[in-house]
Amino acid sequence: MEILERTSDVMVINMGPQHPSTHGVLRVELKTDGEVILEATPHLGYLHRDFEKHCEAVLWGGVIPYTDRMDYVAAMNNNFGYCLAVEKLLGTEIPERASVLRVLVSELNRIASHLLAFGTYGIDIGAFTPFLYAFREREMILDLFEHCCGARLTYNYIRIGGVSRDLPPEFEPKCRRLVRTMREAIPEYNNLLSYNQIFVARTRDIGVIPAELAIAWGCTGPVLRGSGVKWDLRKDEPYSIYPELQFEVPVGKGEVGTVGDCWDRYMVRLREMEQSVDLVEQCLDRLKPGPVMAKGTRSVKPPKGEVYHRTETPRGELGFYIVSDGGKKAYRCKVRSPCFCNLSILSEIAPGHLIADMVALIGSIDIVLGEVDR
Amino acid sequence: MFALAEALKMDLIPAGLALFAENVTLIGWALVALAGGLVFANGIILYRLKTMGPTLPRMGNTIQLFTLQLMPPALGRLLLLAQTGAILACVGMAVPMLMAVPVPAFLSAGWIVPRVQAIPTWIVVAIIALVVCKALLGLMSVYVMASGWVERKVSAHMQDRLGPMYVGGWHGWAQSIADGIKFILKEDITPAAADRFFFKLAPYIVFAGAFAALAALPWTDLVSSREIANLQEAGKPLPPGVIAADLNIGILYILGVTSLGVVGIIMAGWASNNKWSLLGAMRSAAQIVSYEIPVATALLCAVVMSGSLSLVDIVRDQGTRGEILGWYCWPWVNPFMGIALLIYYVGALAETNRAPFDIPEAESELVAGYHTEYSGLRFSFFYFAEYVNMYTCSVLASCCFLGGWYPNFGSPILGAAVLGGKALFLVFVMMVLRWTLPRVRVDQLMYLCWKVLLPWALVCLVGTTVWVVARG
Amino acid sequence: MHGDWVCGVYEYFKAIFLGIWSTLVGMRITMARFFDYVKDPLYQGVTVQYPTERWKVAEGYRGMLFNDIDDCIVCSQCANECPADCIIIDAEKAAKGEDLGKTSNGTPKKIKAWRFDIDLNHCLYCGLCTEVCPTECLIMTDAYDYATYSRDGLYLLFARPEKYTTAPAGASPAASPAPEAKPA
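Residue numbers (the working numbering), protein chains in the order written: chain B, 1 to 374; chain E, 1001 to 1472; chain A, 2001 to 2184.
Don't read these hints as lab results, they were simulated from the structure.
Some clues are possibly wrong.
Taking lysine-lysine and the DSS-like style, the derived pairs with C-alpha atoms no more than 25 Å apart in a straight line are [stated by the list, open to error]:
| hint | chain 1 | residue 1 | chain 2 | residue 2 |
| --- | --- | --- | --- | --- |
| 1 | A | Lys2110 | A | Lys2093 |
| 2 | E | Lys1134 | E | Lys1200 |
| 3 | E | Lys1451 | A | Lys2014 |
| 4 | B | Lys235 | B | Lys88 |
| 5 | B | Lys31 | E | Lys1275 |
| 6 | B | Lys253 | A | Lys2056 |
| 7 | B | Lys301 | B | Lys328 |
| 8 | B | Lys174 | A | Lys2056 |
| 9 | B | Lys88 | B | Lys304 |
Model the full structure from these sequences, guided by the hints.
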């Protein structure tokens, strides 16, 4: 959409930090001509909690509960990324069962996170019902997490050297039921929302991010894949047991409009959910009895050195850059947040859209402010 | 309304009709006088409230509020606002009554040169008018509360939830009453930078616009379609239907007063001095003004079919064609009317700001649109107006396309139930649509109106006209 | 150009048709839910009428912290491990010959705690403290609804210095900032 010739004064609107569709305390300063956006500037920092400084003050293992609070809708994936980074520094060997469990809960959490993204995207576009359908299924996943680690949101489950507990016996049947339910539910979501004509019209050709632009701005995850770039760290830089698992990397193909529009990004998430359901089932099949924690990892002191490790969270590439001075605490910990990089493209693609499209755009980027601000 | 008083004796109807026609102007003026009296009474209440110091309780425990001495101001406030609503309803209904009488009758009714013997009748009719106004207001309040509860339950069950389950015991039936109490007790905030006069006036205008339409909405008929056909054959005048004011321009009047709401909405959005409200108001203006056209065009099809603008005549025409098989929407009656019904219904959704066309109050885009800054009872006026508008639109659709109160088998009560059932079913469909569909964008809304609905509405209108002329 | 025109007409009618069709498809799903609500066993238990009904909390749920001070050997490992520093311990070694008793698993107690406070306002509910506890006296209970009217209500005091004979200066329970909160 090209910017119309301006006929009136510029209006400055603050979208947020108290706004239903900014997914948290994001403030976007909009300069508009009527409803057409001329300029969008995201203002961050309302949820800044100094995660990186915290890491220098608590023990290596004590950082994990803080990683829960970065991307609080995909806490398992954050735990996973941090633990892999520390283990890379330590050179620890992880027991087989623990590895499978980690991938299992990460994929479950990916489904939960994408369900939330799907549901809230429905609300952003104005359909409330898909949100509650998504929460119905997400609730089952949270129940599973409650069984395996005792918490429903901030799990602290994946630890340095393994996972905190083994699964209770009721986990596996419930998880298999979830797999069945999800396979029925995703077509229902598609019928209810994805292929609804109003929804398609609202998201088609809106917020198009061409592949080069997405790469140039450092977008990762579904935002990058929605633009048609097949880049998934689980495939391209595999970690843990991902090389042994079979799954596809869905990318945006521009089925209803241009490649890289909001609908593509949205659809990539739904298709990733299908893949994650398959991954969960494969992990369940691979579960063999065994220890879930490597020996000698209760209180760790990684050797002097630095490490960078990146993992694929539901929102993209989450990287931990950790410097150790050989002590009980980290010397420095830097997080490469996927949401932060994805959000930065907002000011590039928003101009020329309507305010209603702005909502669709923010929703399709699927930010979690806890991770943007850390 | 006269029919309500004298309905029991059918032979009195013609005489009563004449009496009513003579005095209908007086009723209108009586209502205006009554409204003036209420304004005066409200002034006294307002003065009393002001002298009582801090009148409005902050948000808090409702029970606590009731047991504390906050009760009197809260009650006073309830009275104040309820009476303001009553005034507006009275004024709204007096207007059509003033319009209902031709000028000679207006003069001969004797309000300039009062006839002594007319005075007792004047009083009787005024009282009846007042009762009808209040009854409509009460009925609509009950309807709004009930449909508010139903909408919550419907949406909840569609979404695998339970909805309100606590207040009142059985499935939370009293939730709407509790909400009403909450609305009354909430602090009435006027933003510091708002245009105070228009900010306070706007909800009343929206409310009055919605309620004034009720004056010309029919409820049921006292005679069966067979009797009507007989009377028509004999060339005798037909008895009036049960309707507050059977205007000969009924549809036009309803379309006119319901679009009063948009004035209130623009006023609200502008006076709030909030950019989101302003955007909502601007959207609403564009939306309602545009959608009036396909809506009116679709309704014109029914007018063409019946040859009358009076809703009672339109429904009776369908009844004489066949109580069930004669509805206008059937393809054998007229193949275009089904499409016209669809166009009307889509347009009505947009006119009442219901999803998927609720862009003026799109909560995910504009926070709450034009009523962002409203709280408490002033907000509830908008809420009331929305539900009353839904009902009005549904009754219009039922009357113009779906046979109104037919089949009533000659029973007025059954007829009222049938009409109510049809209207409530359409309201239910509106609710289902709201909880199923996403929201369209402004430009798509305009596209739908001007490039889809309007051309097809015109096609229907022309088609209906040709059909009527061709069939004779 | 002629082809464009035909294509435009096709798109126009396709959009109208799809609009109506997808609405009907959506309504079929929502109405199926509406009428199947009671019948579908999978979703029957979605809503729990919370204050009157409660769901069964999973085993190992990480809820409110509780310390059985009679079993505590005041090793302070929990306080060291806590990432939020919400466990505050003031302790003193037992005097020579003073017998503080034994824990339930027979470990002799050598340190007496004048203060064992847990500030749940700061607690992350990560469970790290309970994992290092050697006597398993510090546990996470399955209590989850303990909202209070003031923050003091979430400041738990577990030490009971009245059991001991003398109190060190500055560790008087009377000077404690909060009233005794009842653990679950």
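So if I understand the rule, the pair passes when the alpha-carbon distance is 25 Å or less; does Lys2110(A) with Lys2093(A) pass? holds (6 Å)
Holds or violated: are the alpha carbons of Lys235(B) and Lys88(B) at most 25 Å from each other? This hinted pair holds, its Cα atoms lying about 19 Å apart.
What's the verdict on Lys1134(E) and Lys1200(E), does the C-alpha distance respect the 25 Å limit or exceed it? holds (23 Å)
For a C-alpha distance cap of 25 Å, please report whether Lys1451(E) and Lys2014(A) respect it. It holds: about 14 Å lies between the C-alpha atoms, which stays within 25 Å.
Compare the distance between the alpha carbons of Lys31(B) and Lys1275(E) with 25 Å, and conclude whether the hinted pair is satisfied. holds (12 Å)
25 Å Cα cutoff - pair Lys253(B), Lys2056(A): violated (45 Å)
Please verify whether Lys174(B) and Lys2056(A) have alpha carbons no more than 25 Å apart. Between Lys174(B) and Lys2056(A) the Cα gap is close to 15 Å, so the pair holds against 25 Å.
Given the hinted pair Lys88(B) and Lys304(B), is their alpha-carbon gap at most 25 Å? holds (12 Å)
Distance restraint between Lys301(B) and Lys328(B), which requires alpha-carbon spacing of 25 Å or less: holds (5 Å)
Violated hints amount to a single one, hint 6; each of the other numbered hints is respected by the structure.
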